[in-house]
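Read off the chains here:
2 protein chains.
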Amino acid sequence: MEDNFSELALNAKKASKQIAVLSSEVKNLALLNIAKNIEANKAKIFEANKADSDSAKVLVEKGEITQSTFNRLKLDENKMRDMIQGVNDIARLEDPVGKVLLKRELDEGLVLTKISCPIGVLGIIFEARPDVISQVSALAIKSSNAVILKGGKESVNTNKAIMAVIKEALDNTENFPKNVLNQVFTRDDVAEMLKQDKYIDLIIPRGGNKLVKFIKENTKIPVLGHADGICHIYIDEFADIEKAKKIVIDAKTQYPSACNSVETVLVSSKIDDSEFRSALESAGIEIILTPESWHKEYGENKLSYKRVDSIEEAIEHINNFSSGHTESIVTENYEHAKLFMNSVDSAGVYHNVSTRFADGFRYGFGAEVGISTNKTHARGPVGLEGLTIYKYTIEGNGQIVKDYAEGLKSFHHKDIK
Amino acid sequence: MEDNFSELALNAKKASKQIAVLSSEVKNLALLNIAKNIEANKAKIFEANKADSDSAKVLVEKGEITQSTFNRLKLDENKMRDMIQGVNDIARLEDPVGKVLLKRELDEGLVLTKISCPIGVLGIIFEARPDVISQVSALAIKSSNAVILKGGKESVNTNKAIMAVIKEALDNTENFPKNVLNQVFTRDDVAEMLKQDKYIDLIIPRGGNKLVKFIKENTKIPVLGHADGICHIYIDEFADIEKAKKIVIDAKTQYPSACNSVETVLVSSKIDDSEFRSALESAGIEIILTPESWHKEYGENKLSYKRVDSIEEAIEHINNFSSGHTESIVTENYEHAKLFMNSVDSAGVYHNVSTRFADGFRYGFGAEVGISTNKTHARGPVGLEGLTIYKYTIEGNGQIVKDYAEGLKSFHHKDIK
Numbered sequence: 245m246e247d248n249f250s251e252l253a254l255n256a257k258k259a260s261k262q263i264a265v266l267s268s269e270v271k272n273l274a275l276l277n278i279a280k281n282i283e284a285n286k287a288k289i290f291e292a293n294k295a296d297s298d299s300a301k302v303l304v305e306k307g308e309i310t311q312s313t314f315n316r317l318k319l320d321e322n323k324m325r326d327m328i329q330g331v332n333d334i335a336r337l338e339d340p341v342g343k344v345l346l347k348r349e350l351d352e353g354l355v356l357t358k359i360s361c362p363i364g365v366l367g368i369i370f371e372a373r374p375d376v377i378s379q380v381s382a383l384a385i386k387s388s389n390a391v392i393l394k395g396g397k398e399s400v401n402t403n404k405a406i407m408a409v410i411k412e413a414l415d416n417t418e419n420f421p422k423n424v425l426n427q428v429f430t431r432d433d434v435a436e437m438l439k440q441d442k443y444i445d446l447i448i449p450r451g452g453n454k455l456v457k458f459i460k461e462n463t464k465i466p467v468l469g470h471a472d473g474i475c476h477i478y479i480d481e482f483a484d485i486e487k488a489k490k491i492v493i494d495a496k497t498q499y500p501s502a503c504n505s506v507e508t509v510l511v512s513s514k515i516d517d518s519e520f521r522s523a524l525e526s527a528g529i530e531i532i533l534t535p536e537s538w539h540k541e542y543g544e545n546k547l548s549y550k551r552v553d554s555i556e557e558a559i560e561h562i563n564n565f566s567s568g569h570t571e572s573i574v575t576e577n578y579e580h581a582k583l584f585m586n587s588v589d590s591a592g593v594y595h596n597v598s599t600r601f602a603d604g605f606r607y608g609f610g611a612e613v614g615i616s617t618n619k620t621h622a623r624g625p626v627g628l629e630g631l632t633i634y635k636y637t638i639e640g641n642g643q644i645v646k647d648y649a650e651g652l653k654s655f656h657h658k659d660i661k
Numbered sequence: 245m246e247d248n249f250s251e252l253a254l255n256a257k258k259a260s261k262q263i264a265v266l267s268s269e270v271k272n273l274a275l276l277n278i279a280k281n282i283e284a285n286k287a288k289i290f291e292a293n294k295a296d297s298d299s300a301k302v303l304v305e306k307g308e309i310t311q312s313t314f315n316r317l318k319l320d321e322n323k324m325r326d327m328i329q330g331v332n333d334i335a336r337l338e339d340p341v342g343k344v345l346l347k348r349e350l351d352e353g354l355v356l357t358k359i360s361c362p363i364g365v366l367g368i369i370f371e372a373r374p375d376v377i378s379q380v381s382a383l384a385i386k387s388s389n390a391v392i393l394k395g396g397k398e399s400v401n402t403n404k405a406i407m408a409v410i411k412e413a414l415d416n417t418e419n420f421p422k423n424v425l426n427q428v429f430t431r432d433d434v435a436e437m438l439k440q441d442k443y444i445d446l447i448i449p450r451g452g453n454k455l456v457k458f459i460k461e462n463t464k465i466p467v468l469g470h471a472d473g474i475c476h477i478y479i480d481e482f483a484d485i486e487k488a489k490k491i492v493i494d495a496k497t498q499y500p501s502a503c504n505s506v507e508t509v510l511v512s513s514k515i516d517d518s519e520f521r522s523a524l525e526s527a528g529i530e531i532i533l534t535p536e537s538w539h540k541e542y543g544e545n546k547l548s549y550k551r552v553d554s555i556e557e558a559i560e561h562i563n564n565f566s567s568g569h570t571e572s573i574v575t576e577n578y579e580h581a582k583l584f585m586n587s588v589d590s591a592g593v594y595h596n597v598s599t600r601f602a603d604g605f606r607y608g609f610g611a612e613v614g615i616s617t618n619k620t621h622a623r624g625p626v627g628l629e630g631l632t633i634y635k636y637t638i639e640g641n642g643q644i645v646k647d648y649a650e651g652l653k654s655f656h657h658k659d660i661k
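If you read the sequences in order, they're chains A and B. To convert a position in the first sequence, counted from 1, into the numbering used here, add 244. To convert a position in the second sequence, counted from 1, into the numbering used here, add 244.
Calculated from the structure, these hints are not laboratory results. Since this is a predicted model, take the numbers as computed values, not measurements.
A pair counts as met if it fits within one copy or between any two copies, since identical chains are not told apart.
The calculated lysine-lysine pairs, modelled on DSSO-like cross-linking and capped at a C-alpha distance of 27 Å, are:
(1) 343 / 661
(2) 582 / 343
(3) 487 / 658
(4) 358 / 487
(5) 261 / 550
(6) 439 / 460
Work out the full structure: start from the sequences and follow the hints.
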């Protein structure tokens with residue numbers, strides 16, 4: 245088991261070097277082939293998914309998994325169409341690899357270039373939703389990374405079927421290297437994955453709070469993602485109350501289990517909030533005035549509610565209790581909006597809009613691999629750019645440092661547009 | 245001890261929120277004041293350094309520390325001038341915070357902005373060189389980060405004296421927040437620092453391989469830096485041998501203990517290397533034909549030497565044994581150069597120049613906090629940009645996601661220049 249995993253990870257590393265130099269044309273052709281092959285094999289995938297959902301139905305009846313888990317693993321024509329569309333969309337995006345980020349002549353005939361390149365091998369761990377496989381595979385291919393995927397055990401038949409269809413498409417794509425996409429299945433595999441810091445460069449967990457926390461605490465490999473989504477909305481003394489109602493109701497009820505839905509509303513004590521509260525309650529929101537914790541993520545139509553005496557108190561509360569995901573201020577006062585947006589230390593800081601806008605598609609990134617609350621590498625919705633890093637190249641003609649150290653030559657550092 | 249450290253870290257976190265919103269003017273004034281105060285207190289610093297170097301001299305005689313450690317901790321007029329100059333230089337650089345990285349109208353009146361911001365609290369751990377304190381303090385201030393510094397124990401008096409002079413300058417700078425700069429002194433402090441993932445956002449170790457490895461293995465906080473510098477030069481079959489001699493001799497002898505000096509030379513078996521080897525030996529380089537390990541970092545005028553049958557073999561050797569720092573190819577064949585630069589997975593990949601160019605000052609970054617071999621966040625020489633991350637803001641006028649989800653409104657994603 246352990247040896248097998250190391251071998252798989254080593255082969256993924258080797259594959260990552262091959263896909264790193266693959267042309268955009270071959271990568272895009274591979275993506276189009278994947279989309280076509282999913283279309284052609286829909287029946288096979290639905291069949292595998294029926295096996296999973298039949299078993300899952302029994303587990304729901306026994307109370308071992310939730311109805312929401314069942315809903316996420318069950319595929320339908322809409323999800324299938326979105327899977328195919330998603331892969332085709334990624335084929336059309338700009339190649340994130342090989343972009344010149346900086347070009348500078350250090351001295352005559354000595355040119356520095358900062359150029360984007362893939363990270364290497366990604367470890368992706370996700371729960372329930374089998375449609376993640378095609379999305380993540382497409383993102384990895386487009387960004388020239390190899391990937392090791394571990395999906396939820398409830399959808400194992402679907403996961404295998406989708407991956408088989410994807411791999412068949414890659415086998416039929418000329419010059420596409422082997423071992424770029426890899427799938428593992430067990431909890432032991434996850435434990436092994438977290439140890440492979442020699443071969444795996446980045447772990448991206450997509451799933452519940454518990455899964456993400458466990459992973460962050462058990463690996464030396466960098467982890468990109470978010471455990472909690474404790475988003476705040478502050479209703480300022482200068483708020484337009486109609487906007488406040490509309491925004492909070494949207495941020496709570498439009499999709500309560502989303503990570504970017506609001507969990508805590510802070511309301512200036514300088515305003516009469518009776519009408520505002522009634523509106524929330526009429527919209528079916530339960531207002532919790534004494535929450536068990538200000539860190540609470542409800543995931544349903546409930547929210548923690550607090551009166552604050554000043555914008556400074558609101559900012560301090562948020563910086564203490566937020567998970568660093570997304571926060572919004574409702575105010576007509578520009579200075580207050582500016583202070584809030586500068587001072588709140590979260591991936592997204594909004595003025596007069598719903599927190600639910602925190603999403604790669606809404607930002608126009610075309611696709612997202614997840615939302616990060618990290619303070620390094622990538623923050624907020626992460627698209628293809630977050631799956632790349634860069635290298636520096638220098639092209640010269642025999643230059644040596646001694647000449648510069650001894651003053652025979654000197655740098656002139658001219659940026660080249 | 246433990247409680248004290250948590251309190252210090254918490255205060256640093258609070259200070260990080262204050263310096264995050266400090267104007268460029270106040271930050272630059274603080275830097276100029278620091279430079280002036282170092283100049284005004286040179287005698288005090290030299291006096292403290294004399295105490296350290298007197299003790300260190302005894303340790304050198306006893307064989308407990310190396311002459312090179314002694315040299316690094318001993319200050320002289322040149323180092324003092326460089327310290328002052330370094331701080332003034334950083335004052336003149338562009339503010340890395342508040343830069344607009346992307347501005348996009350998602351829909352009419354709904355504007356997304358990606359804006360650079362500080363990371364938060366940096367933990368910097370370094371050995372021997374007390375002049376690092378002013379440099380790192382200046383970089384932290386300029387990038388609006390708070391910092392907790394731990395220097396080498398051999399220079400503790402100098403470290404305290406320099407920090408006192410810097411803090412005095414900050415106390416005399418109007419509106420500069422308290423607790424931005426913090427210094428700790430013991431091994432226990434380092435152990436505590438590595439645990440503070442709640443308050444410290446990034447650890448930057450500057451020092452030997454052992455120190456960096458220990459830190460990477462003992463913290464959940466992201467670490468930016470490099471443990472090893474095992475740099476390679478490949479002499480291709482199409483190399484200009486005169487260039488090859490010049491480049492390898494520079495990369496090995498100009499400063500053999502630097503992390504960017506060459507450790508392994510790979511030579512195409514298709515060329516007669518007798519003249520090349522003689523030239524290296526004449527330059528005082530010892531050629532090791534059977535190294536104990538291809539991972540060896542000599543730090544002196546020795547190098548591992550291997551014949552390879554093809555450029556592919558050279559690339560594979562490098563990708564297996566390199567530390568991912570900097571590698572160079574010597575060739576007059578453009579296709580080979582291109583293949584090498586695309587396929588070698590290191591922070592720096594050069595063509596016909598010495599590996600010794602891998603340096604933030606030589607790249608024109610003005611200052612560097614270190615060189616990273618990470619595959620995420622920042623790679624290669626890290627300047628001020630590597631000490632920042634970004635946040636996304638959205639400014640709107642009451643927009644909610646429901647309208648877009650239900651098709652009443654739609655995104656148009658227009659970038660604003």
